[in-house]
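Number of protein chains: 2
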Amino acid sequence: MRNNSIKMKYTDILVIGGSAAGVAAATTAKTHNNDKKVLVVRKEDEAMVPCGIPYIFGSLDDSSKNIMPKQGLYNAGVDLIIDEVVAIDEVEKNVTLGSGEIIFYDKLIIATGSTPTVPKWLAGRDLDNVYYIPKNKVYLDKFKEKLETLQKVIVIGAGFIGVEMSDELVKGGKDVTLVEIQENILSLAFDKHVAVAIEEIVKSEGVTLITGNGISEIIGKDGKVSAVKLQNGDILEADAVVLSTGYKPNTKLAELIKLPLNRKGFIKVDHYMRTDIKDIFAVGDCAEKRDFFTRKSSGAMLASIATAEARVAAMNLYKLSSLSAINGTLTIFATSLAGKGFGAAGLTESQATAEGFNVVTGTFEGFDKHPHTLPGTSKQIVKLIVSRETGIILGGEVLGGMSAGELTNVVGFIIQNRMTVSALLTSQIGTQPLLTGSPVRYTLIKAADMVIKNMNK
Amino acid sequence: MRNNSIKMKYTDILVIGGSAAGVAAATTAKTHNNDKKVLVVRKEDEAMVPCGIPYIFGSLDDSSKNIMPKQGLYNAGVDLIIDEVVAIDEVEKNVTLGSGEIIFYDKLIIATGSTPTVPKWLAGRDLDNVYYIPKNKVYLDKFKEKLETLQKVIVIGAGFIGVEMSDELVKGGKDVTLVEIQENILSLAFDKHVAVAIEEIVKSEGVTLITGNGISEIIGKDGKVSAVKLQNGDILEADAVVLSTGYKPNTKLAELIKLPLNRKGFIKVDHYMRTDIKDIFAVGDCAEKRDFFTRKSSGAMLASIATAEARVAAMNLYKLSSLSAINGTLTIFATSLAGKGFGAAGLTESQATAEGFNVVTGTFEGFDKHPHTLPGTSKQIVKLIVSRETGIILGGEVLGGMSAGELTNVVGFIIQNRMTVSALLTSQIGTQPLLTGSPVRYTLIKAADMVIKNMNK
Chain G
42 MRNNSIKMKY TDILVIGGSA AGVAAATTAK THNNDKKVLV VRKEDEAMVP CGIPYIFGSL
102 DDSSKNIMPK QGLYNAGVDL IIDEVVAIDE VEKNVTLGSG EIIFYDKLII ATGSTPTVPK
162 WLAGRDLDNV YYIPKNKVYL DKFKEKLETL QKVIVIGAGF IGVEMSDELV KGGKDVTLVE
222 IQENILSLAF DKHVAVAIEE IVKSEGVTLI TGNGISEIIG KDGKVSAVKL QNGDILEADA
282 VVLSTGYKPN TKLAELIKLP LNRKGFIKVD HYMRTDIKDI FAVGDCAEKR DFFTRKSSGA
342 MLASIATAEA RVAAMNLYKL SSLSAINGTL TIFATSLAGK GFGAAGLTES QATAEGFNVV
402 TGTFEGFDKH PHTLPGTSKQ IVKLIVSRET GIILGGEVLG GMSAGELTNV VGFIIQNRMT
462 VSALLTSQIG TQPLLTGSPV RYTLIKAADM VIKNMNK
Chain A
42 MRNNSIKMKY TDILVIGGSA AGVAAATTAK THNNDKKVLV VRKEDEAMVP CGIPYIFGSL
102 DDSSKNIMPK QGLYNAGVDL IIDEVVAIDE VEKNVTLGSG EIIFYDKLII ATGSTPTVPK
162 WLAGRDLDNV YYIPKNKVYL DKFKEKLETL QKVIVIGAGF IGVEMSDELV KGGKDVTLVE
222 IQENILSLAF DKHVAVAIEE IVKSEGVTLI TGNGISEIIG KDGKVSAVKL QNGDILEADA
282 VVLSTGYKPN TKLAELIKLP LNRKGFIKVD HYMRTDIKDI FAVGDCAEKR DFFTRKSSGA
342 MLASIATAEA RVAAMNLYKL SSLSAINGTL TIFATSLAGK GFGAAGLTES QATAEGFNVV
402 TGTFEGFDKH PHTLPGTSKQ IVKLIVSRET GIILGGEVLG GMSAGELTNV VGFIIQNRMT
462 VSALLTSQIG TQPLLTGSPV RYTLIKAADM VIKNMNK
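One line per chain: the protein sequences are G and A, in this order.
To get our numbering, take the position in the first sequence, counting from 1, and add 41.
To get our numbering, take the position in the second sequence, counting from 1, and add 41.
One or more hints might be untrue.
Because identical chains share one entry, a pair is satisfied inside a single copy or across any pair of copies.
Unchecked claim - No farther apart than 16 angstroms at their CA atoms in a straight line, the calculated lysine to aspartate or glutamate pairs in the EDC-like style are these:
hint : residue 1 : residue 2
1    : 265       : 131
2    : 319       : 169
3    : 498       : 76
4    : 178       : 332
5    : 77        : 258
6    : 77        : 133
7    : 178       : 86
8    : 337       : 224
9    : 494       : 76
10   : 289       : 182
If you are wondering where the hints come from, they were derived from the structure by calculation, not from laboratory data.
From just these sequences and the hints, can you work out the full model?
Have a look at this one:
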């Protein structure tokens, strides 16, 4: 019989997708269910470290230095198949691979990620030397190789990836112009005065920065990029254009089984990352998010958010844990330029105000070592955004040296624990001359002090 | 009349002592009570940054680079008098200065700090070239000047100050031997296997390390140090001995007004840092502390603890705030050697076990950047100590690069918010290639995963 030739197998837990979310889901699922078989199916043999992608253009010699090691999966006892899932049968509870193999599952986690998106109206988007930034090693390797012959690069979109790409490309000797339609770069993460401070650093690195002006079309010659026309009519010569204008969730498989999507196109999930179909979960860039404070649908796509969702799904596969749920997505951003670090957690002042919060803020400028006469000391600035009625901390922005990323995580835990500014002001911290600001002027605590001063005004 | 010649003045809030605790108390008091007059009286014209003291022997050229700027007080609107308080009249509510001036107060904060202590039985403690590490610029300057003529230095006591001093002295070209009576250095902060890793670094810096062996006497010749005899009978030649064997609270003034001390000699206070006498508070190294978990009397002396207490006192001078109290002292330590950072918050595994907790631990070894092929990446290890019954996190130890201090503060906030290991495992964090570990293998989160794995065993 013909059916005999179809390869079939069973796994308890099947994860589709093996980037950050898929790997975190699979390894955590195995930790919590050591007796279960866990399998990841992904298309890419070598999966890129997603946030590391900009660095393959400068700080890292090669994309091969930016690979998530498979060993992490094997060490955890997770199996891996490199293939594409082409169909899901949610009734029989199996998936079909490109090879024809059928894999039955008990629990299915969809972690299919996202792909770059470009405005449909953008003329010239299909010209040679127009590039996107997908999480795809083969594409990126070709892109990088081609770039070697190109000098003038225009990066469109100054989110974190656009800013980091620009900085790495300029380090690699390219003439880089970064174009942002918003008035300031990184406007999702930082208030204007913080963003302006970062812009100064971007410019000092040698990037030409154009803000408050979007792209209108890409102009070509002989099928290749020759220039970019901006919305104000300016024309910039260009050898290459890099479009970092956002990503869209990959939901093709989900749509095949009619999983409901939200208005932004993400797979609908509950707080435990469960979809509308029993035993099917979705996590990461393809899964719906609601903002931590406003509960509005959020379009945030960060590997760190994806892995938190992955862990939640993994911990709730077989039983619910009310402690382990995503109670709203908290955006925690960070980046580093020119040996400085920048981070933000929660709402900016302008976002909080736009959402209708009555906010009071406090900003303190200190140092990341003490005394600040120590070699290698960086200025450190913390801004806190606080709800005036409750004193609860809604957001924080950090500028500093290389400890700014972990200091932003301190702010993240403060927010997730719904701490008030008074509680923060009397919290106990650890300080050390070479590692932190001073106990008397620890920037985060003094920013809380400034909030209370401003509240009392 | 003679009384007319006595200078008198009134301040609303009077702080005795102007090191970390005094300065933090005064500035926070002013923030919260802008209409009140706040005055600091301290003996030292120039107050040293306490934790920066070891660095004046190496990384900083001079002790003048390690001064807490008075400008911080003046900017906050706090007055400063350089003089000694010689008496307190707690009935009339005034203090008398060395100059004879009498200052009346409404609220008094005692922040008189601590001084080095040495075992009374230690023969040779009064020899020339035996040094202590007080927070006294005049003494330290003389000590440093004298050291220029001395080569072989023996440091007794491998707490944080002893370790940091040894490292700085060896950088300055001295032959340094560090002697510790406990089996391992820094044993208050770190479990054995972590301490051993730090010991390797101390040794690689060039410090000769002797552990499990205490000092028995200091041997002199012509009134000067010539050698040190250890408890096992070994004799080490020495030009100078540095005793970093602990500090005792300065309570002379408190005793004059019969403020009760606890058995360890600290001024008794409640959770709002109030002493037994109305309107008198005590904060910092001179004030009683109870451990965060065990509620036992604690002898911890850290500038960071002192400033947290100072802020609590300052916020509760005129009204109580139940949110702003010291609900137990959490020790959060950090240090840095050879470009690496180390930190610990809460209980070690051995302390928790000795206290009777049924603990489960988890350790994960990752990196402080991602991918770890990025230049300047350090190995990062996090160990978590968790109560098996409740899942509540009791302590954490961190080894890593220079972000280890702030990552330890993340652990500190996790503990202060009494988070469970499950809540941590599904917490949202921010990651960035140059600033943190990877989202999939963020060391702190993976350590939580290891705890759960070990719980399920």
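The hints, checked one at a time:
1. 265 with 131: This pair counts as neither: shortest intra-copy Cα distance 45 angstroms, inter-copy 86 angstroms.
2. 319 with 169: Answer is neither; intra-copy 45 angstroms and inter-copy 80 angstroms both fail.
3. 498 with 76: Answer is between: at 11 angstroms across copies they meet the 16 angstroms cutoff, but 60 angstroms inside does not.
4. 178 with 332: Answer is neither: 31 angstroms inside a copy and 52 angstroms across each miss the 16 angstroms cutoff.
5. 77 with 258: Neither: 53 angstroms inside a copy, 63 angstroms across copies.
6. 77 with 133: Cα proximity of residue 77 and residue 133: none, with 19 angstroms in one copy and 75 angstroms across.
7. 178 with 86: within (9 angstroms within a copy, 62 angstroms between copies)
8. 337 with 224: neither (24 angstroms within a copy, 56 angstroms between copies)
9. 494 with 76: between (56 angstroms within a copy, 12 angstroms between copies)
10. 289 with 182: neither (22 angstroms within a copy, 63 angstroms between copies)
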